[in-house]
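Undergrad: Residues per chain are reported as follows:
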Amino acid sequence: MDVVGMKSLAAALAIGLGAIGPGIGIGILGSKAMEAIGRNPEATGQIQTNMILAIVFTEAIAIYALVIALIIKFV
Amino acid sequence: MIKKLFTVRSLLILLAVIALFVVSGLLGLKVVLPEVSLAAEPIFYIGSFGVTNSLLTSWLLMIFLIVVSILATRRAPKNLESASNRDLVPQSGLQNAVEMVVEGFYGMARNIGGSWAPKFFPIIMTMFLFVIVANFSGLLPGFGSIGLLVRAHAPQAGHVANGVFLTGAEAGVGEEGYVIRPFFRAPSTDLNFPLALALVTVALSQYFGFRALKLGYIKKFFNFSGFKKGVLVGGAQLLAGLLEIISEIAKIISLTFRLFGNILAGEVLLAVLAFLIPYLISVPFYGLEVFVGFVQALVFFMLTLVFFSLAVTGHADEAHH
Numbered sequence: 000m001d002v003v004g005m006k007s008l009a010a011a012l013a014i015g016l017g018a019i020g021p022g023i024g025i026g027i028l029g030s031k032a033m034e035a036i037g038r039n040p041e042a043t044g045q046i047q048t049n050m051i052l053a054i055v056f057t058e059a060i061a062i063y064a065l066v067i068a069l070i071i072k073f074v
Numbered sequence: 000m001i002k003k004l005f006t007v008r009s010l011l012i013l014l015a016v017i018a019l020f021v022v023s024g025l026l027g028l029k030v031v032l033p034e035v036s037l038a039a040e041p042i043f044y045i046g047s048f049g050v051t052n053s054l055l056t057s058w059l060l061m062i063f064l065i066v067v068s069i070l071a072t073r074r075a076p077k078n079l080e081s082a083s084n085r086d087l088v089p090q091s092g093l094q095n096a097v098e099m100v101v102e103g104f105y106g107m108a109r110n111i112g113g114s115w116a117p118k119f120f121p122i123i124m125t126m127f128l129f130v131i132v133a134n135f136s137g138l139l140p141g142f143g144s145i146g147l148l149v150r151a152h153a154p155q156a157g158h159v160a161n162g163v164f165l166t167g168a169e170a171g172v173g174e175e176g177y178v179i180r181p182f183f184r185a186p187s188t189d190l191n192f193p194l195a196l197a198l199v200t201v202a203l204s205q206y207f208g209f210r211a212l213k214l215g216y217i218k219k220f221f222n223f224s225g226f227k228k229g230v231l232v233g234g235a236q237l238l239a240g241l242l243e244i245i246s247e248i249a250k251i252i253s254l255t256f257r258l259f260g261n262i263l264a265g266e267v268l269l270a271v272l273a274f275l276i277p278y279l280i281s282v283p284f285y286g287l288e289v290f291v292g293f294v295q296a297l298v299f300f301m302l303t304l305v306f307f308s309l310a311v312t313g314h315a316d317e318a319h320h
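Taken in order, these protein sequences are the chains called A and B. Numbering (numbering that gives the first Met the number 0) for the first sequence: 0 to 74. Numbering (numbering that gives the first Met the number 0) for the second sequence: 0 to 320.
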């Protein structure tokens, strides 16, 4: 297989596999936050803020994978 | 009952969109596949210093922010302690809007930062404003599409240039291929900009830590207090302290790549979608990019605030939570 084909495959694998973990993680975060809001609607603001913070941390992992995929493909 | 679904006006708009597609197809106007370069390219040189397109854009954004700040605070009272309530009323619409934004974020800063909020707020609000205009600037028309025509390098074929316009036709073997080197580029897509902000954040958190806890801040990293309870516990605490140093470096990397990755990925996404289905597909993703730009700026603000707050509370306070 030639280099360009390998590069495309590598980029696809990088982002594909790299998005599995954060996807599951954000799903868990969201579901727990929904549960907490349902249990205590008054604390929605605080729960929301902390949820966004946690989601941003997990999403960063997916972004690392995306950056590697872009580097492989375009550099 | 389909009462007014197909009015004359909506049918005319539909016709205009279809005509746009047909005409641009006939004229051969094609969106070229984007040539993504991770590094920012120099546009002109001052002496031997190459001014890159993202640097030029960040200078323009700085001028914009400074001008807006001057205009918004021109008529505000200079001495706030002696100003009566009447003087504090915003004198212009711009001042009102800016005060609304600043006050909203100051409330958030006070929630998370507590009593240290007045000291943290100037730097983090400035960072927020700079990041948000930097993120949004990449969405303005002309960014990425207007630039210098440079010869394409070996692996890229480039496109045929028609005078000053780049056509969609790929350059053949004998023809000269050109690519566009944009004049303007969102600063957040240049790795230097998020890296600089992240370095400033982490350096400032060390500064605030030392200022709050004096020399006791070192105990966060070199924690010998566990040795009172035994060697094993002491060793574990020491290791945990040393890991904090690694965590500071991880903060730099994560802050940088979060902002860089999000905005760069958004740019590449918009460019590739415009190449695939012009005019239509870009619209909902443009909305997504606006949202992502705002959220990334907000997250930078909140993370910086949280890092500063964590730095000024020592370990003892944390145990009381």
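Just to be clear, a hint being listed does not mean it is correct.
Think about it this way: if two alpha-carbon atoms lie no more than 27 Å apart in a straight line, the pair counts; the simulated BS3-like pairs of lysine-lysine are [as the list claims (entries may be wrong)]:
1) LYS118/B x LYS213/B
2) LYS72/A x LYS29/B
3) LYS250/B x LYS227/B
4) LYS3/B x LYS118/B
5) LYS250/B x LYS213/B
6) LYS31/A x LYS118/B
If you want the ones that stay clear, here's a sample from chain A, every Cβ over 12 Å from chain B, calculated [to be verified]:
7) GLY4
8) GLY20
9) ILE27
10) ARG38
11) GLN45
12) ILE54
13) ILE60
Rather than coming from a laboratory, the hints here were simulated on the basis of the structure. Nothing here was measured: the structure is a model prediction, and the numbers come from that model. Backbone N, C-alpha and C define an ideal beta-carbon position, used for all residues, glycine too.
Undergrad: Checking each numbered hint in turn, tell me which of them this model violates, lowest number first.
TA: 3, 4, 6, 11, 12 and 13
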